[in-house]
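From first to last, the protein sequence lines are chains E and D. Each residue of the first sequence is one higher than the last, beginning at 1 in UniProt numbering. Each residue of the second sequence is one higher than the last, beginning at 1 in UniProt numbering.
Simulated from the structure, these hints should not be mistaken for laboratory data. Beta carbons: idealized from backbone N, C-alpha and C, even for Gly.
These stretches of chain D come out as covered by chain E in the derived footprint (C-beta under 8 Å, 3 or more residues):
#, segment
1, 123-134
2, 406-417
Computed from the model, here is a short list of chain E residues facing chain D with C-beta under 7 Å:
#, residue
3, Gly17
4, Glu18
5, Ala30
6, Asp31
7, His38
8, Arg43
9, Phe45
10, Gly47
11, Ile48
12, Ala50
13, Gln52
14, Leu68
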Amino acid sequence: MSGHFFWSGMPVAFLPGETIAAALLRAGIADLGRPDGHLPGGRVFCGIGACQGCVVAVEDAAPVESCLTPAQEGLRLGPLPATGAGHD
Amino acid sequence: MTEAPILIVGGGPAGASAAATLAEAGLPVLLVEQRDQLGGAIHRQPANGAGNHVWRPARHRRNWAALTARLRACAGMIEIRTQTVFLGVDGEGRFLFDDRRAGRVFASRPRAAIVAVGAVETIRPFPGWELPGVMTAGGAQVLLKETGRPPEGPILIAGSGPLLPALAAQLARAGNPPVAVLERGRPWRRPATLARLALAGGPMGEAAAYAAALALARVPYRGGAVVTRAEPDGAGLTVGMRIGADERVLRVRHLLIHDGIEPNRVGIPLPAPEAAVPVLLAGDGREALGADAALLDGRRAALQLLARLGAGAAELAGLESRLERARRVQAALAQALRSEPVEPAPETLICRCEGRSYADLQALDGDASAREIRLMGRFGLGACQGRFCGPMIAALRGRPVPAASPPRWPLRPVSVAALARLSTDETE
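Isolated chain E, as found in the complex:
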């Protein structure tokens, strides 16, 4: 049985046990958003939680590495907000 979560409001299907990253990539979503014009946007890169490139915002919860985190029914996810990014 598969389920759905939401990426920027858009439903994304996932298979049981699949990570958020695997489901996003299967849906053709490789660009995980651009917090501002200064820094490169999110993307799945290392697959083991080390690079933090695939961290996504979770509604009503803490951000998570999408490559480590099992997808769950109804999660509302989106690009990481720009808070704290950019120092110039």
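Knowing the structure of chain E, use the given hints to seat chain D on it.
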């Protein structure tokens, strides 16, 4: 109060091997793993729904089956906590973890700790490596193992090392062979080192199986070939490359890069085998020697700990000689694939988290300290804590960048809410 457990951080081959060895000796073990299943990157299991297994050497499957059987046999001695991320050691010597399932941080004061958090891949940067669609070869391999499905559309694999042909063969067997494999080194020009590799007991049978799979799928494997840049192009990438003296351009959907592995040491406690609470490192996180050696190294760390705690360690000498053999294989491999460093273009991003380029790095003094590189250059200050730019800067400057000492926690972002719900094993 019950006996404090031995803490093991990381449920890959080294951590699992250490856990089984200690539990078999009668010591309680707390095994902490960031993913929802044990296995590490090498033994990543298919997600529950995916039935199809990725083609891989039978030896790895057998090794992991044997190890998980040992863990099951002494399950009563091992508490396994999955989806739990290691945050580091606080000023009071407590090991801190983020239990992602419970949404709370917990602190542990173990009797001793073995940290086996594996390796991170190294990258030689080029303009565009930071783009979506560019992934590490190891990251792509983990995804392939989990899903059983290759990525859709044309794939290019580039960099250096034995992972390149291995992943290419796995992708080919899974139904989407890469358009090419670009190896920076020129192994065919070093027949003497290839011979030494075979004599050192290198996995030549495995290499031959990958070569056969690549030949069957007509995947070109090019030596002396590097990616020079990548640019966004619709849903894909335009990739510039240099193969020998030829410059070429290719349109692909996925670019998978990898230039070797290094122990994952950022924020990891320093080894202190003689301390009151001994801390040992094990596996690729101590010395990057690969999966077979990680099994041995986890056992070695466990036996060292048992010796320190007053039990025997008769087997240690045998393990050392087998690890030395793995070291010779890795050295011969590195020699066979060795290539001259290439200076990146000035606009090349070095620190992706903070958006810092090679030009920004060059603007710093040539003898800038690690502190200056961080605080003035802003390299390594971002979310990845320098796990990727650190090795790049070290390679470009020709010497390692000393880490912040002592390591500071948290080594991963953690929510204030989870910290506020801190629980500790001291309050009984």
